[in-house]
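Engineer: For the protein sequence lines, the chains are X and E, in the order given. Numbering follows the working numbering, with no gaps: position 76 of the first sequence is 76. Numbering follows the working numbering, with no gaps: position 99 of the second sequence is 180.
Because the hints were derived from the structure by calculation, they are not lab data. Hints may be right or wrong, so weigh each one.
[As the list claims (entries may be wrong)] Straight-line distance between alpha carbons at most 16 Å, and here's what the computed EDC-like set of lysine to aspartate or glutamate pairs gives: (1) Lys118/E / Asp51/X; (2) Lys80/X / Asp6/X; (3) Lys118/E / Asp81/X; (4) Lys112/E / Glu202/E.
[Stated by the list, open to error] A few chain X residues that face chain E, going by a derived Cβ cut-off under 7 Å, partial list only: (5) Ala19; (6) Ala29; (7) Ser45; (8) Met47; (9) Gly48.
Beta carbons: idealized from backbone N, C-alpha and C, even for Gly.
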Amino acid sequence: MFWQIDLAILTLVVVTAVASIMVKDLLGAAILFGAYSFLMCLLWSIMGAVDVAFTEASVGAGVSSVFFVAAVFRTSRRTKD
Amino acid sequence: MSELIPTIIAKYNYWIYITLMMIGLYAMIAKNNLVKKIVGMNIFQTAIILYYVSIGVKKGATIPISTGGHGAAHEAVHAADYLNPLPHVLMLTAIVVGVATLGVALALCLRIYSRYNTLEEDEILAQIRKK
Chain X
1 MFWQIDLAIL TLVVVTAVAS IMVKDLLGAA ILFGAYSFLM CLLWSIMGAV
51 DVAFTEASVG AGVSSVFFVA AVFRTSRRTK D
Chain E
82 MSELIPTIIA KYNYWIYITL MMIGLYAMIA KNNLVKKIVG MNIFQTAIIL
132 YYVSIGVKKG ATIPISTGGH GAAHEAVHAA DYLNPLPHVL MLTAIVVGVA
182 TLGVALALCL RIYSRYNTLE EDEILAQIRK K
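Using the sequences and the accompanying hints, generate a full structural model.
Structural biologist: See the structure below:
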């Protein structure tokens, strides 16, 4: 576990988490949440949890993003907050 | 006091996990849009997974895969050389359960949208009160 990479990715994780709940476009929130999941996957492969990392890459970053995009496509994209 | 500050800084994984958990909790409580609430719920779940994976990390240890396969000479396994795989396995289940709850929550969102034609919580509550 290299603490430089760890700290940089942890900072990016917090930034993408705040951005995905603050952005005013639901499709943008879905894509930013996909980026958040992929950064989490990198974090887990750094910490040595390789099984959790590839499950997160396929299920968290892949299937969750598809679900969000499909749900936003079938409902409205705009939001007030 | 001077020994306390490096101890606090050395646990930065846990500080980030608390921060992510509070971001998710804020999104679940304060956000008005239902999809934003679901994003907050997912951030909360990954924060808890980050906490559990951080428990299993050891200094100077490698990933928990045994190098001796079939036909290799039997050698003693030193548990101190490997990361603790138990939290990883538990969190594997948590990720799959998280995706299942996400699917159910988004399906409920679709039903709410088809009935009330909006995803904003205050507009839904106003329509319910009007009836």
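Engineer: Does lysine 112/E pair with glutamate 202/E here, judged by a C-alpha cut-off of 16 Å?
Structural biologist: holds (9 Å)
Engineer: For a C-alpha distance cap of 16 Å, please report whether lysine 80/X and aspartate 6/X respect it.
Structural biologist: violated (35 Å)
Engineer: Does alanine 29/X pass the interface check with chain E, least Cβ-Cβ distance below 7 Å?
Structural biologist: holds (6 Å)
Engineer: Could you check if methionine 47/X really has its C-beta closer than 7 Å to a C-beta on chain E?
Structural biologist: holds (5 Å)
Engineer: With 7 Å as the cut and Cβ atoms as the points, is alanine 19/X at the interface with chain E?
Structural biologist: Not OK, violated: alanine 19/X not within 7 Å of chain E, min 11 Å.
Engineer: Would the hint linking lysine 118/E and aspartate 81/X be met if the CA-CA limit is 16 Å?
Structural biologist: Measuring from Cα to Cα gives roughly 11 Å; hence the hint holds.
Engineer: Mind checking the CB of glycine 48/X against every CB in chain E and telling me if the closest is under 7 Å?
Structural biologist: holds (5 Å)
Engineer: Would you settle whether the hint for serine 45/X is holds or violated, based on the nearest Cβ-Cβ distance to chain E being less than 7 Å?
Structural biologist: Interface hint status for serine 45/X: violated (9 Å vs cutoff 7 Å).
Engineer: Hey, lysine 118/E versus aspartate 51/X, does the alpha-carbon distance stay inside 16 Å?
Structural biologist: Roughly 28 Å between the alpha carbons, so the hint for lysine 118/E and aspartate 51/X is violated.
The structure fails hints 1, 2, 5, 7 (numbered hints given earlier, in ascending order).
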